[in-house]
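Quick mapping for you: the protein sequence lines, in order, are chains A and B. Heads up, the first sequence is in my numbering, so the first residue is 1 and it goes up one at a time. Heads up, the second sequence is in my numbering, so the first residue is 1 and it goes up one at a time.
Warning: the hint list may mix true and false statements.
One copy or any two copies: either way a pair holds, since identical chains are not told apart in the list.
List of simulated lysine-lysine pairs, DSS-like, C-alpha gap at most 25 Å [stated by the list, open to error]:
#1 K109 x K63
#2 K60 x K109
#3 K2 x K109
#4 K2 x K63
#5 K30 x K63
#6 K109 x K55
#7 K60 x K2
#8 K30 x K60
#9 K30 x K55
#10 K109 x K30
Since the hints were derived computationally from the structure, they do not count as laboratory data.
Protein chains: 2
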Amino acid sequence: MKGLLVIAHGSRRQASNDEVRQLTSRIADKAGEQFDIVESAFLELAEPSIPDGIKKCVEKGAKEIIVLPYFLSAGRHVSEDIPGEVDLTRSHYPDVDIQIAPYLGAIDKITDLMVEHAIDATNV
Amino acid sequence: MKGLLVIAHGSRRQASNDEVRQLTSRIADKAGEQFDIVESAFLELAEPSIPDGIKKCVEKGAKEIIVLPYFLSAGRHVSEDIPGEVDLTRSHYPDVDIQIAPYLGAIDKITDLMVEHAIDATNV
Numbered sequence: 001m002k003g004l005l006v007i008a009h010g011s012r013r014q015a016s017n018d019e020v021r022q023l024t025s026r027i028a029d030k031a032g033e034q035f036d037i038v039e040s041a042f043l044e045l046a047e048p049s050i051p052d053g054i055k056k057c058v059e060k061g062a063k064e065i066i067v068l069p070y071f072l073s074a075g076r077h078v079s080e081d082i083p084g085e086v087d088l089t090r091s092h093y094p095d096v097d098i099q100i101a102p103y104l105g106a107i108d109k110i111t112d113l114m115v116e117h118a119i120d121a122t123n124v
Numbered sequence: 001m002k003g004l005l006v007i008a009h010g011s012r013r014q015a016s017n018d019e020v021r022q023l024t025s026r027i028a029d030k031a032g033e034q035f036d037i038v039e040s041a042f043l044e045l046a047e048p049s050i051p052d053g054i055k056k057c058v059e060k061g062a063k064e065i066i067v068l069p070y071f072l073s074a075g076r077h078v079s080e081d082i083p084g085e086v087d088l089t090r091s092h093y094p095d096v097d098i099q100i101a102p103y104l105g106a107i108d109k110i111t112d113l114m115v116e117h118a119i120d121a122t123n124v
């Protein structure tokens, strides 16, 4: 079973955390064939934490987990904090393959999405 | 002439601001047929400011400007601060049509991008 864990920063503003949860649920609807389990977790200020998010995926049966940082820039959170949390957790599940995908802002195709979106906005 | 202005939050970490500038330059390469002018600006902590970014587009000849907030959640920055800055600037350029597109995190297709990206990550 494959799991996808979307990691967001987390916010004091609950609506922002809910926005991530809703996004994750839309991803789950679309990714059904590729990922059996799709969850979200937060680096700070919201629940579940990254270790709890990984635990959730494992308890649901994931043997392979892709961690996807929902971040736009390669700051300390992306380069150190998220890998650090994942590494701590990884040792608890030696049979589970946990990999961190490049963060959202690093996806080359994000530019295509933005161009399309800007064109749509000119036509409103 | 049409302009596209990508607005990021801005960071004390210069590499994050440069990342936005590089993204903007990649967008400019792709959007040439649709947007004659593509610039970036920052809400805080980096230059140019939003008013300066709009001014830059106008000075280059933009008669229509799409402002695209490079933000993932609909917090105060997206709902109040960016529209506030744009409104202040708009009155200086009565002949220029300035519109704010929905922020990046609100683009429905971002989920497709994330699913594709996660699938790519499983195949590395």
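Open item on the list: Run through the hints listed earlier and report the numbers of any the structure violates, in increasing order.
Closed with: Those not satisfied are hints 1, 2 and 6.
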